[in-house]
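Each chain, letter by letter, is given below.
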Amino acid sequence: MFFIALYRIFKFGFQNFWRNFWLSIVTVFILVLTLFSISVVYTLNVVADNAINAIKEKVDIDLFFDPTIPEDKIFAVQAYLESQPDVKAVEYISKEQALESFRAEHQDDPTIQESLSELTENPLPATLVVKAKALEDYSNIVVNLDNSEYSHLISSRNFEDNQVVIDRLSSITDRIYQVGIGVSLIFILVAILVVFNAIRMNIYTQREELGIMRLVGANNIFIRLPFIIESILYALLASILTILILYPLLSAVSPYINNLFEGYDFKMFSYFTANFWNILGLEIIISVVISVISSMIAIGRYLRV
Amino acid sequence: MIKLKNVSKIYSEDTVAVKNINLHIRPGEFVSIVGQSGTGKTTIARLIIAEEKPTKGKIIIGGWDITDIKNSEVPVLRRQIGVVFQDFKLLPRKTVLENIAFALEVSGAPLKKIKTIIPQVLKVVGLEGKADRFPRQLSGGEQQRVVIARSLVHRPKIILADEPTGNLDAINVREIIDLLLKINKFGTTVVLVTHNPGIVNGLKKRVITLDQGVIISDQKMGRYIL
Ligand SMILES: Nc1ncnc2c1ncn2[C@@H]1O[C@H](COP(=O)(O)OP(=O)(O)OP(=O)(O)O)[C@@H](O)[C@H]1O
Ligand SMILES: [Mg+2]
Numbered sequence: 001m002f003f004i005a006l007y008r009i010f011k012f013g014f015q016n017f018w019r020n021f022w023l024s025i026v027t028v029f030i031l032v033l034t035l036f037s038i039s040v041v042y043t044l045n046v047v048a049d050n051a052i053n054a055i056k057e058k059v060d061i062d063l064f065f066d067p068t069i070p071e072d073k074i075f076a077v078q079a080y081l082e083s084q085p086d087v088k089a090v091e092y093i094s095k096e097q098a099l100e101s102f103r104a105e106h107q108d109d110p111t112i113q114e115s116l117s118e119l120t121e122n123p124l125p126a127t128l129v130v131k132a133k134a135l136e137d138y139s140n141i142v143v144n145l146d147n148s149e150y151s152h153l154i155s156s157r158n159f160e161d162n163q164v165v166i167d168r169l170s171s172i173t174d175r176i177y178q179v180g181i182g183v184s185l186i187f188i189l190v191a192i193l194v195v196f197n198a199i200r201m202n203i204y205t206q207r208e209e210l211g212i213m214r215l216v217g218a219n220n221i222f223i224r225l226p227f228i229i230e231s232i233l234y235a236l237l238a239s240i241l242t243i244l245i246l247y248p249l250l251s252a253v254s255p256y257i258n259n260l261f262e263g264y265d266f267k268m269f270s271y272f273t274a275n276f277w278n279i280l281g282l283e284i285i286i287s288v289v290i291s292v293i294s295s296m297i298a299i300g301r302y303l304r305v
Numbered sequence: 001m002i003k004l005k006n007v008s009k010i011y012s013e014d015t016v017a018v019k020n021i022n023l024h025i026r027p028g029e030f031v032s033i034v035g036q037s038g039t040g041k042t043t044i045a046r047l048i049i050a051e052e053k054p055t056k057g058k059i060i061i062g063g064w065d066i067t068d069i070k071n072s073e074v075p076v077l078r079r080q081i082g083v084v085f086q087d088f089k090l091l092p093r094k095t096v097l098e099n100i101a102f103a104l105e106v107s108g109a110p111l112k113k114i115k116t117i118i119p120q121v122l123k124v125v126g127l128e129g130k131a132d133r134f135p136r137q138l139s140g141g142e143q144q145r146v147v148i149a150r151s152l153v154h155r156p157k158i159i160l161a162d163e164p165t166g167n168l169d170a171i172n173v174r175e176i177i178d179l180l181l182k183i184n185k186f187g188t189t190v191v192l193v194t195h196n197p198g199i200v201n202g203l204k205k206r207v208i209t210l211d212q213g214v215i216i217s218d219q220k221m222g223r224y225i226l
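First to last, the protein sequences are chains B and S. Each residue of the first sequence is one higher than the last, beginning at 1 in this note's numbering. Each residue of the second sequence is one higher than the last, beginning at 1 in this note's numbering.
The hints are simulated quantities; they were obtained by calculation from the structure and are not laboratory data. A virtual CB, placed ideally from N, CA and C, is assigned to each residue, including glycine. Take the hints with a grain of salt, since some may be wrong.
[Unchecked claim] Just some of the chain B residues that point at chain S, by a computed CB distance under 10 angstroms:
id : residue
1  : A5
2  : A54
3  : K58
4  : I166
5  : E208
6  : F222
[Said to hold, decoys possible] Every beta carbon over 10 angstroms from chain S, so not counted as near; a handful from chain B, in silico:
id : residue
7  : S156
8  : L193
9  : M201
10 : L250
11 : V288
[Unchecked claim] In the SDA-like style, the derived pairs of lysine to any residue whose C-alpha atoms are separated by at most 20 angstroms in a straight line are:
id : chain 1 : residue 1 : chain 2 : residue 2
12 : B       : K133      : B       : N219
13 : S       : K94       : B       : Y7
14 : B       : K11       : S       : T55
15 : S       : K5        : S       : T55
16 : S       : K115      : B       : I4
17 : S       : K70       : B       : Y7
18 : S       : K58       : S       : S8
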């Protein structure tokens, strides 16, 4: 009983879809455009967030020590820094480690390798690499260190403040993001109107069936639900099509984006494959909400029960 | 079976469709409602099936006060009243069988019920052999018989026919009226709205005459008096 009713409602819903085939296609197409623009904004947001994080992650303070400073003094500085509340981590790189990694970095450069082997003494200083908990803590850490008893131990320090770059990048991405959201909102509005119109047209095409249904005492669900099913069908088709367009496109641009993230662990396409079901789910939710809302408005306005 | 108590339907200040109608139709009756064009016959039919709500008064169908019927209850009422309206047509792209089945499908009837009822109602209207024809392959009279068959699928207690013979010739009119009489013999209450004096005078049944929205006569063995 329940299943036969469900079967019939779905049958009517599919019939509605086929009956105004081209109108249905146009409706799906507009929904695809809408979802696509939302997806682009979403992608942009993901990339921008990761770009900013990548830059933030690169920020640190390098403290260099003269070769004459004994290791236990350096450890004292490290202990002091680690006790500071705004310091996240302090890494000690000994002279030997510094040389090792320098060698490894330039192993393909024969002149450097040659000159390194000629050296009798390790020219590289020991280093403490300091990471703050937050970007704005760095200046504080530097000031505190300069005023501390340890300041004389440090031969030099290297602190690049990337704040300017970060600020500029955020303001650019914010602007792109705002434009994207604006465009998406326009698409959503258009999609609502187009779905509304498609359902309205379908109600009109079926006025005879609907009239008969009402007079023979059809249950309301048989009258209304097929139109909702029809609109859900639009949404599902649009979601699948959007994914089918979006993923190949992302996979094509992904290498270029990944290049921008040198040295930082972000692979755009893997992000999207890892989140495939979430993204598909999101597309479906957005499009179903858009089309069900507008079909319900159309039904409310044009379908007397 | 059908009771109208002081019923008025006022569409707007200058269109008072019916005024203070008092009417009692008993179970198993065959009643004709006659009157000139625009006197409110169709309005009464639409009030009975809750297609319109009365502006004033009370309507009771089979003991059920439908005056303030809820939208969700209207389908239940409609299944108790078989409707045959002149402009209430068959779906041209469905066969006779599909047209009748449609009425059952959309009321949630199970397949088994559909399979048993369709031959029964086709037999009543005498169209057993034409189940697979499309409406355009039938005569006007046959089409109207399909409409009547469709109105019978829920085994209604009332048949409400508004000008069912509208554009039919004399022979077909006779057939339709005979069919309604036959259905009435099974115990179904029949309300027939018509313009046709010939039909009314031949029936020798109760006749209610309307004029400008008011009942001007209600006779047991009535004649067309206008
Ligand atoms: N939906 C409506 N809105 C406004 N006025 C209406 C509406 N339906 C009917 N009327 C008016 O109510 C009056 C009665 O109409 P109704 O259809 O009941 O007449 P009728 O007796 O069935 O006429 P006919 O014999 O021509 O079918 C008419 O004056 C008509 O114009
Ligand atoms: Mg009329």
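Which of the listed hints are not met by the structure? Checked against the structure, the hints that fail are numbers 2, 3, 4, 12, 14, 17, while the rest are satisfied.
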